[in-house]
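*Asks:* Next come the chains, spelled out residue by residue.
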Amino acid sequence: MPFRFRSFQSRIVFFVLGLLSIVQIVVFVTIDAANTRHARTQIDLALSEGVRSFRRAIETRTGQLTESVRILAGDFAFKSAIATGDLPTIGSVLQNHGTRIAADTMLLVSLESELIAASGDAVPDELPPALAGLVLAAGQRGRSATALELRGVPYQMIVLPVLAPLPVAWIAAGFRADERLARDLQQVTKLEISFTSAASSANRKVLASTLPRELHRELAASAAILHGQEGMASLPLAGDEYLSRVVPLGGQAAEVDVVLQRSLAKELAPFQELRISVLLLSCGGLVLSFFGTFFLARSVTRPVRALAEAARSVERGDFATTVEVRQQDELGELAKAFNHMVRGLAERDRVRNLLGKVVSPAVAEKLLSRKVKLGGEVREVTVMFSDLRGFTTFSEHRAPAEIVAVLNAYFTRMSAVIEANNGVVDKYQGDGIMALFGAPLSHADDAGNALQASIEMFAALEELNAELRRKGLQGLDMGIGINTAEVVAGNFGSPQRLNYTVVGDGVNLAARLEGLTKRPGIGARIIASAATIERSRRSFEVRALGETEVRGRTEPVALFAVLGAAKDAGGATPPAAAQPPARLRVVSDG
Amino acid sequence: MSPALFHLVVALVAFAAMAAEATGIDATVRDASGKPIPDAVVYAIPASGARPPPAGAAAVMDQIDKEFVPHVLVVQAGTRVKFPNQDNIRHNVYSFSPAKTFSLELYRGNEAAPVQFDKPGLVVVGCNIHDFMLGYIVVVDTPHFAKTAADGVGRLRGLAPGAHELRAWHPRMEQAADSVTRNVTVPGAGTLAAQFALALKPEAKKKSR
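Line by line, the protein sequences are chains G and X.
Residues in the first sequence are numbered consecutively from 1, following our numbering.
Residues in the second sequence are numbered consecutively from 591, following our numbering.
Since the hints were made in silico from the structure, they are not lab data.
Please note that the accuracy of each hint is not assured.
Stated by the list, open to error - Just the calculated beta-carbon pair ranges, DEER-fashion:
| # | chain 1 | residue 1 | chain 2 | residue 2 | range |
| --- | --- | --- | --- | --- | --- |
| 1 | X | P792 | G | E112 | 21 to 27 Å |
| 2 | G | G74 | X | G646 | 34 to 40 Å |
| 3 | G | G142 | X | G646 | 38 to 44 Å |
| 4 | X | E793 | G | G85 | 28 to 34 Å |
What the hints assert, rightly or not - A few chain G residues that face chain X, going by a derived Cβ cut-off under 8 Å, partial list only:
| # | residue |
| --- | --- |
| 5 | F76 |
| 6 | K79 |
| 7 | L163 |
For every residue, glycine included, the Cβ atom is placed at its ideal position computed from N, Cα and C.
Can you make the complete structure from the sequences, with help from the hints?
*Replies:* Structure below.
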């Protein structure tokens, strides 16, 4: 089952932060890759440029050294001393003049390539073969220079003839390629400079270097691989990566290699700072985004939760609930609308209670929409009471569920007829119905509506009876009493339970008229008072039943049996006048 | 030093007795390609007998326009050589050659004293302040010497008949200190024609001054 978020807030935080993280990771990785690529390109350029600078610097230095040696060899006193042939003198002048040009070692070689004299820090017993080769080269070109390793020390050797004015000997001046030179060259080339023995050397080692001493052994081993290679190579040194070039120090015959290097880590150092900054910014961005989305989400979820909680309260029936949302946005609107809705619901609920739960939704809606005043008032209302006959007998030997079903079927049909005629079911009492016409709202012909309803109710009862008989049940009979009178309409009951209804003598009379229908000999199932008959704007076929006395009234009340709708659709002729009063005595028992 | 050094010298000495008015040697010097070489030094040392002392007159090696003139000077041992300076600048003429080591401190005109060359041999002369100045003084132990003319012939006259060591030398010879030697016999009458073929280094370009 896929993971589902329990809260909108964590979902929005998760997704915003997730997307942001992905974007930031992509940006970070891209920047990082670009930086490394850039650094390598930079080093490549720096190396090429550095090697060029190095070659220029070495060329210049060799030229300068050559010139110094040339000047020295041309010095007359030097020549004079050489000419003496006195070895101590020659050794002395070599030392003296060597110091002038800061040479570290000076050798005098005969035209026959024999070592005559030497001075300085690397005095060999006989001419080293490499130097003999150099002298030979000088014999051909008038001068020569290369780098040699004498007693483990790298020297730049310059060989020039001593002219008097023809060559009488060779002077070889050696300049140590030491750490100072390496550092000088580092200044010029911006590269790490190391002098190592050339590959021919049996035990290759680092002779001098700008690199820390502990890297020398590792460098010596890896530099051997690079000897004679053109182009750049990557050497690992102490965990770092050095892009390196190896060039011979002064000519291919040189016994000394120069390793020019640049550290990738150093090149990346400025980017490292950038990387940390980007990382910090990313983290900061994430933290800010977290709080931002958290609060943003909360500004949505809090009111939504409050609304949900309020909705649950309303569901429980607490219409006093209001939602406190101060936001001015759509959620604020929603909360406002919700509060309005709850107030509306509260009102409606209250009204619904007042009307009674039996009031049909359509009628209730109509009533509510007209802003009915529900305070007590005196108004003319036609009151109808209906009652089933013999239902008690019917109920005997029947299952309660069946009784309820039959009764509800009866109520449903009757209520529908009443409401169809603009009546309102005020209450059900046992198997009886109390209905109002003209309350709480008046209609054009409330009395006529009541009479029409009573006739239709019998028609509806016939249908019900047909249905019952089909089920093998006994049919039902019914009596209806109708009276029109001024009554008090209003909400009655305690504050917890109020009911809208009507009270008054007129109501009692209607109930009594319904009771009269049961009296044997009457032969009427609908009895309406003259007041109702008179007020009806429609004509009905009636039969006068005589008069009855009503308590609190001086005049007796005329009663009529309602038989059906008028046969001729003529005007509303008061039937009372046309028909002779029936000889009926109504005995009031209330 | 170049091994080509030893790849030199085929000295072809041809003798041809020819009738002549006086006794002497006509030594013709050619290079390896057979071209006659001027300004080569030829001299004959008698195998025996006393050599006459050098004439009293001093030889001269001028300095004109920062060049030694002549470029090659041949003198008999015991001869004094003057080094007059005809330039309007000073020169310091010196040599560290084993045959004669000397140094004439900076001087003008005829200020410098003559230098006597007693020991036979090659004396390479330079100027202390002008490195490019180069002169050769060939000190020989005989009065019979000559420089070859444009036709490459050096003419030696007044020689006593008999055995002589005939030598030829040129500054561009690869082994500058050596000369090419041939034993010859000067006839009682007429001139002996001798031929030398020298292997020479190519002419050096003149250095700037």
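*Asks:* For every hint, state whether the structure bears it out.
*Replies:* Hint-by-hint comparison with the structure:
no., hint, verdict
1, X/P792 - G/E112: 21 to 27 Å, "holds (23 Å)"
2, G/G74 - X/G646: 34 to 40 Å, "holds (38 Å)"
3, G/G142 - X/G646: 38 to 44 Å, "holds (43 Å)"
4, X/E793 - G/G85: 28 to 34 Å, "holds (32 Å)"
5, F76, "holds (5 Å)"
6, K79, "holds (6 Å)"
7, L163, "holds (6 Å)"
Violated hints for the displayed structure: none, as all numbered hints are satisfied.
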